[in-house]
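Chemist: Listed below, chain by chain, are the residues.
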Amino acid sequence: MRNLIQFIWRQHFTLLFLGLQFVSLFLLIQNNSFQRANFLGFANEVTGGAFELVAETKDYLSLKEVNENLAEELARLKSNEKQSFFGLTPWHRIVDDSLFGVQYQYTKARVVNSSVSQRNNYLTLNQGSVNGIAPEMGVVSNEGVVGIVKNVSEHYTSVISVLHSRTQISAKLKKSDYFGVLKWNGKDAKIVQLSDIPSHVDISAGDTIVTRGAGGIFPPNVLIGVIQDFKPIEGTDFYSINVWLATDFKKVSYVFAITNSMLMEQQELESNQTQEDD
Amino acid sequence: MISGVVKYGVQFVFLVLLQGLVLNNIHVFGVASTYFYVLFILLLPVEYNKVVVLFLAFFLGLSVDLFSSSWGLHAFSSVFLAFLRPLLLRFLAPRDGYEFNSSPNWSTMGFGWFVTYAAIGVFIHHFTIHLVEAFRFSEVLNVFGRASASTIFTLIIALLAQLFTYRPNRTL
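As they're listed, the protein sequences go chains A and B.
Residue numbering for the first sequence follows numbering that gives the first Met the number 0, starting at 0 and increasing by one per position.
Residue numbering for the second sequence follows numbering that gives the first Met the number 0, starting at 0 and increasing by one per position.
Heads up, a few of these hints could be off.
Computed footprint of chain B on chain A, listed as stretches where at least three residues anywhere in the stretch have a Cβ under 8 Å from a Cβ of chain B [stated by the list, open to error]:
| hint | segment |
| --- | --- |
| 1 | 14-21 |
| 2 | 113-123 |
| 3 | 215-222 |
Here are some of the chain A residues that sit facing chain B, going by a computed Cβ distance under 8 Å [unchecked claim]:
| hint | residue |
| --- | --- |
| 4 | Leu24 |
| 5 | Leu26 |
| 6 | Gln29 |
| 7 | His163 |
| 8 | Ser164 |
| 9 | Lys182 |
| 10 | Asp187 |
| 11 | Ile190 |
| 12 | Ala204 |
| 13 | Ala245 |
No lab work stands behind these hints: they were computed from the structure.
All C-beta atoms, glycine included, are put in the ideal place defined by N, C-alpha and C.
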């Protein structure tokens, strides 16, 4: 016993070091699971306030660009309005609304903090659980896909960006509907990698890549980007494809979180299926 | 003693806010980012209690983590550096030892010594961060490149910051 105490006393520095490293590693690994502990939500609330202050000042600097984007969006919406269509048929068309239920709902949010320079990047939004945002919701901007909600506090949300080592998005070629998995190799914040596209598929640079909408997180056909270049992987039947992202993560400032009202139903059904297989 | 606590307390808060609100957004040529706050650990007086340094490093890292949504990453790297700091100081010790209660900076130790010391310390820290972040050995070359570029960037900022407090021919 005395030897043990002596040992601890002699090695207290090293033991303390190992202890602190263990705590840090524990936090790191905890953090990797999608649902985080509650106290991290609290931290979100504290730093979120500071980030919001900074973001408010920064907003002025990008006002012009944001205005342009909004004007573009407005123009697009205006041209879809009923008044801007000319009736080509002489009779009235009856639209039965009960045929369509709303599946995807969009919640507007401002990005108060974001990074592109790390291997694992995150965004912080100024809307939280009060506004109906929940973990694992998809986040898009009006340019394209942004990321997936990771953690929500009352008024803030942290989002795993597409530029993250653990983000995997199911994507497809708009032209031919072949689908693959989208990941980021950590090198260039503008380019992500699409894998699992078989090499017999006819693709060319400039082809549009959109979401597949398989997991229910994103609606199908949301723009991701265009093919920059591609080459077949030797010894396999697949391409390695570089995709130029539509979203510029360096200046993304307004985004939408997507609620899928049928997600629960889909997941329930799919989990039943895997249970039956086992 | 009290003035020391206040001084390091203010430095601590200032460096965390600087890192969290400003430096985290700076990214040079798409490769170099800086974790300047690490200088806090390196510039603590040589004889400072090792255990206290370890705890300070842990909370410093944790505070920066708070701003970077990277729980444990900065804490891990900072504690690692704080652990190696006594070894590094012993390894680089001048022949007649360190001045009593002095901070190992440019004006007390000279330019060449400070750059060597800071470069090794900063690189250990930055390399750990990039490696833990990538969490894959297949990216080790990429990590090495990014860590080196970031180290150079941090060193430049560190030297510029030291110019503000540089006092040549300090009375001994």
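Chemist: So, for every hint listed, does it hold in this structure?
Modeler: Status of each hint after checking the structure:
Coverage of the segment 14-21 of chain A by chain B holds in this model, with 4 residues showing a Cβ closer than 8 Å to a Cβ of that chain against a need of three. Evaluation of the coverage hint for the segment 113-123 of chain A: fulfilled, as 8 residues show C-beta separations to chain B shorter than 8 Å, against a requirement of three. Check on the segment 215-222 of chain A: 0 of its residues sit with their Cβ under 8 Å from a Cβ of chain B, so the three-residue criterion for coverage is violated. Because the closest C-beta pair between Leu24 (chain A) and chain B is about 6 Å apart, less than 8 Å, the hint holds.
A cut of 8 Å between beta carbons decides the hint on Leu26 (chain A): the least distance to chain B is about 3 Å, and the hint holds. Restraint check, Gln29 (chain A) versus chain B: the minimum CB separation of about 7 Å is within 8 Å; hint holds. Of the supplied interface hints, the one on His163 (chain A) is violated, with its beta-carbon coming no nearer than about 10 Å to a beta-carbon of chain B, more than 8 Å. Taken as an interface hint, Ser164 (chain A) checks out: its beta carbon lies about 7 Å from the nearest beta carbon of chain B, inside 8 Å.
Contact between Lys182 (chain A) and chain B, as hinted, is not supported at the beta carbon level, the nearest pair being about 12 Å apart and thus beyond 8 Å. At about 7 Å, the closest approach between the beta carbon of Asp187 (chain A) and any beta carbon in chain B falls short of 8 Å, and the interface hint on this residue holds. Because the smallest distance between the Cβ of Ile190 (chain A) and any Cβ of chain B comes to about 11 Å, over 8 Å, the interface hint for this residue is violated. Against a cut-off of 8 Å between C-beta atoms, the interface hint on Ala204 (chain A) is violated, since the closest Cβ of chain B lies about 22 Å away.
Given the 8 Å rule on beta carbons, the hint for Ala245 (chain A) is violated: about 19 Å separates it from the nearest Cβ of chain B.
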